[in-house]
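These protein sequence lines are chains A and B, in that order. Residue numbering for the first sequence follows our numbering, beginning at 1 and increasing consecutively. Residue numbering for the second sequence follows our numbering, beginning at 1 and increasing consecutively.
Keep in mind that a hint or two might mislead.
[Stated by the list, open to error] Mimicking DSBU-like on lysine-lysine, the simulated pairs with C-alpha atoms at most 30 Å apart in a straight line are:
(1) B:Lys393 x B:Lys408
(2) B:Lys3 x B:Lys31
(3) B:Lys31 x A:Lys15
(4) B:Lys68 x B:Lys47
(5) B:Lys82 x B:Lys47
(6) B:Lys31 x B:Lys128
(7) A:Lys119 x B:Lys393
(8) B:Lys231 x A:Lys15
(9) B:Lys68 x B:Lys128
[Stated by the list, open to error] Covered stretches of chain A, going by a simulated chain B footprint (3 or more residues, C-beta under 8 Å):
(10) 22-31
(11) 83-96
(12) 105-115
[What the hints assert, rightly or not] Derived coverage of chain B by chain A (criterion: at least 3 residues anywhere in the stretch with Cβ under 8 Å from a Cβ of chain A; other residues may be distant):
(13) 376-388
(14) 403-416
Keep in mind that the hints were calculated from the coordinates and are not lab data. Ideal Cβ placement from N, Cα and C applies to all residues, glycine included.
The chain contents come next:
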Amino acid sequence: MKNIYQLSAFMENRKGQLSDILSVLSEHGIDLRALNVAEVSDYGVLRLIADDPEKAQRALTEAGFVIAVNPVFAVAVPDRPGGLSELLQLLAADGVDIDYMYSVFGHKDGTAYMIIAAKNMQTMQASLDRNNIPAADSLALGI
Amino acid sequence: MEKRYYQPEIETMPAEKLRELQSQRLRRQVKHVYENVPYYREKMREKGIGPDDVRGLEDLAKLPFLSKADLRDAYPYGLLAKPLSECVRIQSTSGTTGKRVVSGYTQADIDAWEECCARAIVAAGGTKEDVCQVCYGYGLFTGGPGLNGGSHKVGCLTLPMSSGNTDRQLQFMVDLGSTILCCTPSYAAYLAESLKERGLTDKIRLKAGIFGAEAWSEEMRRNIEKDLGIKAYNIYGLTEMAGPGVSYECEEQQGMHICEDQYIAEIVDPVTLEPLPPGSKGELVFTSLTRQASPLIRYRTKDICILDDTPCACGRTHIRMSRPMGRSDDMMVIKGVNVFPSQIETVLLEQGYPANYQIIVDRADNTDSIEIRVEIPGESFTGSLATVTEMEKQLTAAVKAMLGIYAKIRLVAPRSIERSEGKAVRVIDRRKI
């Protein structure tokens with residue numbers, strides 16, 4: 001599969017928690033490609049795509065954070081009105097069950113990227129292939 | 001299976017006869033302490049009673065309570081009811097929470113204590129054919145000496161190992177063919193693990209374990225039983241009442257039979273000190289009926305448990321106590337319900353959480369609230385918010401099932417709950433501030 005790896009960090013809902021995590025990454029010279037926060041009232045999950053996921057995982061774990069690593073797709077989306085909508089229709093038609101998605105910072109040559117996690121990652125890979133939708137590896141995300 | 005007892009006439013004595021024996025021994029014991037211990041005489045006078053006011057069990061509630069503070073005040077010999085020349089032994093508590101408490105024994109006291117331990121060993125299937133490995137500490141601590149004496153009385157081949165030196169424990173267990181293991185449950189679990197590591201598990205001949213002197217769960221029992229291929233029996237005791245053997249389990253494993261010919265057990269409300277009927281949860285109070293050197297009347301153990309006076313399938317008529325569920329010192333009253341940190345700890349461990357937690361009790365608009373801060377185990381975090389929410393939901397339901405009231409669960413990052421030196425601060429009760 002042409003997926004990339006996303007780090008998820010457990011966060012308590014308290015002042016400074018997010019900045020604590022980000023400062024660890026900054027100290028280790030890790031650059032972020034995408035970031036998303038999902039939260040309920042007392043805690044949240046920070047999801048991020050780093051330029052060096054292994055290094056980022058090591059740094060955060062050593063700093064005492066609870067980290068999980070999951071595969072996700074970085075899918076290329078035509079940067080024009082309706083681009084994302086068309087993509088999602090294609091995936092839906094193939095039975096892809098999307099868990100969550102968020103966008104990658106910036107765009108290049110008329111292409112934007114979305115980070116997408118699906119319940120059925122294999123089905124999603126097949127759908128991307130069938131519809132000729134490019135998915136990026138982490139290097140291509142060096143926008 | 002054939003029913004076996006160490007002292008069948010006592011252990012299966014009809015309830016009515018047992019009450020009669022207790023009444024008669026109580027009268028004698030009250031007279032003994034009144035005549036020989038000025039401290040008791042003074043306490044009884046304060047209550048306006050003398051030995052003649054206690055005719056039997058029905059008058060027990062007239063007698064004053066004793067607490068650990070009384071024992072500390074009386075250290076070392078203030079409560080001794082026999083001259084030192086009649087005493088043959090001193091045993092002592094660990095004294096971790098303050099001044100040590102010492103307990104004196106005449107030879108008759110030692111014999112009675114060892115008989116209680118012998119009953120526990122026979123109830124666990126012990127006979128003179130057995131090899132009994134005692135790895136409770138020997139010395140001032142009562143664990144080793146008590147089970148050692150009981151094992152002698154039963155006629156087991158006794159291995160007085162004392163605690164520690166695991167390699168030697170395992171070597172003797174294998175080479176000498178130990179069949180009964182006496183130690184703390186945590187040490188039993190450690191021995192099981194060490195046997196597995198060394199590939200010795202199938203070389204042991206253990207059939208039973210008699211484990212006590214610390215709190216342990218039913219789940220831990222099943223694990224030890226599985227790992228060692230034995231039946232694990234709970235035993236209870238306290239130095240103030242001689243030591244282990246105050247109560248012990250039979251093959252039914254449904255509570256520990258209290259040696260009622262030696263002790264009267266009561267359950268009282270820890271706040272009002274009113275006696276409660278069997279089946280109620282409250283503080284366990286003991287009166288020693290035969291101890292000569294250090295007899296104690298209505299001694300508050302601080303252990304919270306439930307007494308069960310329904311008949312037991314093993315044939316023993318002596319009342320059973322549940323395992324201690326907490327200490328009355330730690331009890332909190334929240335929304336009118338008695339809550340013990342140990343109950344919460346039990347749930348956390350059962351649900352796979354670390355025992356590092358904090359309980360925050362507060363009151364707003366005259367309503368109590370309780371929040372439990374628990375560190376999320378790193379390995380259970382999958383990255384999905386839904387999983388965390390599900391964990392929180394399950395834990396909330398499990399805590400509610402245990403306490404009977406709703407407690408807010410707050411999952412926090414590992415190592416975020418502060419560790420204090422020594423005893424952890426588990427409870428923050430903001431209602432008192």
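Each hint, compared with the structure:
1. B:Lys393 x B:Lys408: Since the Cα atoms of B:Lys393 and B:Lys408 sit roughly 10 Å apart, the hinted pair holds (cutoff 30 Å).
2. B:Lys3 x B:Lys31: Measuring from Cα to Cα gives roughly 38 Å; hence the hint is violated.
3. B:Lys31 x A:Lys15: Measuring from Cα to Cα gives roughly 67 Å; hence the hint is violated.
4. B:Lys68 x B:Lys47: OK: B:Lys68 and B:Lys47 at ~19 Å, within 30 Å.
5. B:Lys82 x B:Lys47: Status holds; Cα separation ~24 Å.
6. B:Lys31 x B:Lys128: violated, 39 Å
7. A:Lys119 x B:Lys393: At roughly 22 Å apart (the allowed maximum being 30 Å), B:Lys393 and A:Lys119 satisfy the hint.
8. B:Lys231 x A:Lys15: violated, 52 Å
9. B:Lys68 x B:Lys128: violated, 38 Å
10. 22-31: With 0 residues in contact (Cβ-Cβ under 8 Å with chain B), the coverage given for the segment 22-31 of chain A is violated.
11. 83-96: violated (count 0)
12. 105-115: This one is violated; 0 residues, fewer than the three required, reach chain B with a Cβ under 8 Å.
13. 376-388: holds (count 8)
14. 403-416: Coverage by chain A holds here, the residue count being 7 at a Cβ distance below 8 Å.
The earlier numbered hints that this structure contradicts are 2, 3, 6, 8, 9, 10, 11, 12.
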